[in-house]
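Keeping the supplied structure of chain A fixed, place chain B upon it in accordance with the hints.
Taken in sequence, the protein lines are chains A and B. So the first sequence is numbered by this note's numbering: it starts at 1 and just counts up by one. So the second sequence is numbered by this note's numbering: it starts at 117 and just counts up by one.
Since the hints were derived computationally from the structure, they do not count as laboratory data. Incorrect hints may have been included.
Stretch-level coverage of chain B by chain A, calculated; a stretch enters the list once three of its residues show a Cβ under 8 Å from a Cβ in chain A [what the hints assert, rightly or not]: (1) 159-167; (2) 219-226.
Residues from chain B that face chain A, not an exhaustive set, calculated with beta carbons under 10 Å [unchecked claim]: (3) Met123; (4) Phe134; (5) Tyr146; (6) Phe150; (7) Tyr152; (8) Gln154; (9) Ala207; (10) Arg209; (11) Gln216.
Think about it this way: if two alpha-carbon atoms lie no more than 27 Å apart in a straight line, the pair counts; the simulated BS3-like pairs of lysine-lysine are [unchecked claim]: (12) Lys221(B) / Lys172(B); (13) Lys15(A) / Lys172(B); (14) Lys172(B) / Lys71(A); (15) Lys221(B) / Lys44(A); (16) Lys224(B) / Lys44(A); (17) Lys11(A) / Lys224(B).
All residues carry an ideal CB built from backbone N, CA and C; glycine is no exception.
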Amino acid sequence: EAGVAQSPRYKIIEKRQSVAFWCNPISGHATLYWYQQILGQGPKLLIQFQNNGVVDDSQLPKDRFSAERLKGVDSTLKIQPAKLEDSAVYLCASSSALAGGHNEQFFGPGTRLTVL
Amino acid sequence: GDSVTQMEGPVTLSEEAFLTINCTYTATGYPSLFWYVQYPGEGLQLLLKATKADDKGSNKGFEATYRKETTSFHLEKGSVQVSDSAVYFCALRSGAGSYQLTFGKGTKLSVIP
Chain A
1 EAGVAQSPRY KIIEKRQSVA FWCNPISGHA TLYWYQQILG QGPKLLIQFQ
51 NNGVVDDSQL PKDRFSAERL KGVDSTLKIQ PAKLEDSAVY LCASSSALAG
101 GHNEQFFGPG TRLTVL
Chain B
117 GDSVTQMEGP VTLSEEAFLT INCTYTATGY PSLFWYVQYP GEGLQLLLKA
167 TKADDKGSNK GFEATYRKET TSFHLEKGSV QVSDSAVYFC ALRSGAGSYQ
217 LTFGKGTKLS VIP
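Isolated chain B (complex conformation):
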């Protein structure tokens, strides 16, 4: 079945540091890939998405590229801020006919001033 593996946290970075959160997946067909973010006390929010190979999703300075050859969708940001402290979830949605999301376990990011 479908699965998502993302790097375990927690991750602690200083402000303005470079961020990478690794995500790899296993799926049949051609899934869509997502990063969701969960800020403290809030619900899940879509951060970015990519629907086909080589697509790059980007939002709020975050980027991730859909790499079919390595089945990866790593999240990156060049300079993190304290306000980026949250839990980040990588997820996939399988091909046509199924709309359910399969999530990774989440990576908690803490950014310190």
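So that you can see chain A by itself, here it is in the shape it has in the complex:
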């Protein structure tokens, strides 16, 4: 079974530029999550999708971050404009709605963003 795919793996941009990350979850997983992991900290949830609907985006800085999952499969996370403090690893995870499945989230390798 293929895992969660993310691209790009690394991205370096200057502040005030825009950047987008892509995630393809495990086939059949209805729930998709985006996390931000700042160096030295644990991942923090930014947004959670159930199919193509948003379940929780309470910690997403909506003035600059946006995310979509139009067809309920893959997803993009965008930052516009980027700030220095956005430097982090952006993790995508997915889980299944099958009984008990939501107890395990499967994570992708992450995209490491550096904002200069």
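Frame of chain A, contents of chain B only:
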């Protein structure tokens, strides 16, 4: 709100030493508890989990017991190997209706031969 506190690292051990990484939590209701591991250059992987009080999760020689009375979920391994060198994250998932994970800050473990 929910929170997870785990011991700060880094932790350096010799091969075959005993490992304990402490984790305590604050949550409403009856959370599920997890340990995730992040090997160098790789994504987060679920190591073990426990979904109710007194459950013991175990995998790859690691164990953790869900202790409701002390709100703890300490990770233990009797004999660590060099290949166990990684960052370990304790996490919780609140009760029904929310699937999001709340993570601790992570503990970096280095095992030397």
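Original post:
Hey, does the Tyr146(B) contact hint survive, CB to chain A under 10 Å?
Top reply: Violated, because the Cβ-Cβ distance from Tyr146(B) to chain A comes to roughly 13 Å (cut-off 10 Å).
**Item:** Restraint status (C-alpha distance of Lys15(A) to Lys172(B) at most 27 Å)
**Value:** Answer violated: Lys15(A) to Lys172(B) is near 46 Å, above 27 Å.
TODO: Measure nothing beyond the straight line between the CA atoms of Lys221(B) and Lys172(B); if it is 27 Å or shorter, mark the hint as holding.
DONE: holds, 22 Å
**Interface hint outcome for Tyr152(B) [beta carbon to chain A under 10 Å]** = Cβ of Tyr152(B) sits 8 Å from chain A, so the hint holds.
If you take the shortest Cβ to Cβ gap from Met123(B) to chain A, is it below 10 Å?
The hint is violated - Met123(B) has no Cβ within 10 Å of chain A, the shortest such distance being about 13 Å.
Proximity test - 8 Å, beta-carbon atoms, the region 219-226 of chain B to chain A, at least three hits = holds (count 4)
Interface restraint verdict for Arg209(B) against chain A (beta-carbon cut-off 10 Å):
holds, 7 Å
ask   = Hint check: is the beta carbon of Phe150(B) less than 10 Å from a beta carbon of chain A?
value = holds, 8 Å
- Does Gln154(B) pass the interface check with chain A, least Cβ-Cβ distance below 10 Å? holds, 9 Å
With a C-beta cutoff of 8 Å, work out whether three or more residues of the region 159-167 of chain B approach chain A closely enough for the coverage to hold. Contact hint for the region 159-167 of chain B vs chain A: holds, 6 residues under 8 Å.
Straight-line alpha-carbon gap Lys221(B) to Lys44(A), limit 27 Å
holds, 10 Å
* Asked: Is it true that the CA of Lys11(A) sits at most 27 Å from the CA of Lys224(B)?
  -> Roughly 25 Å separates the two Cα atoms, so the pair holds.
Hint compliance for this structure: hints 3, 4, 5, 13 and 14 are broken, all remaining hints hold.
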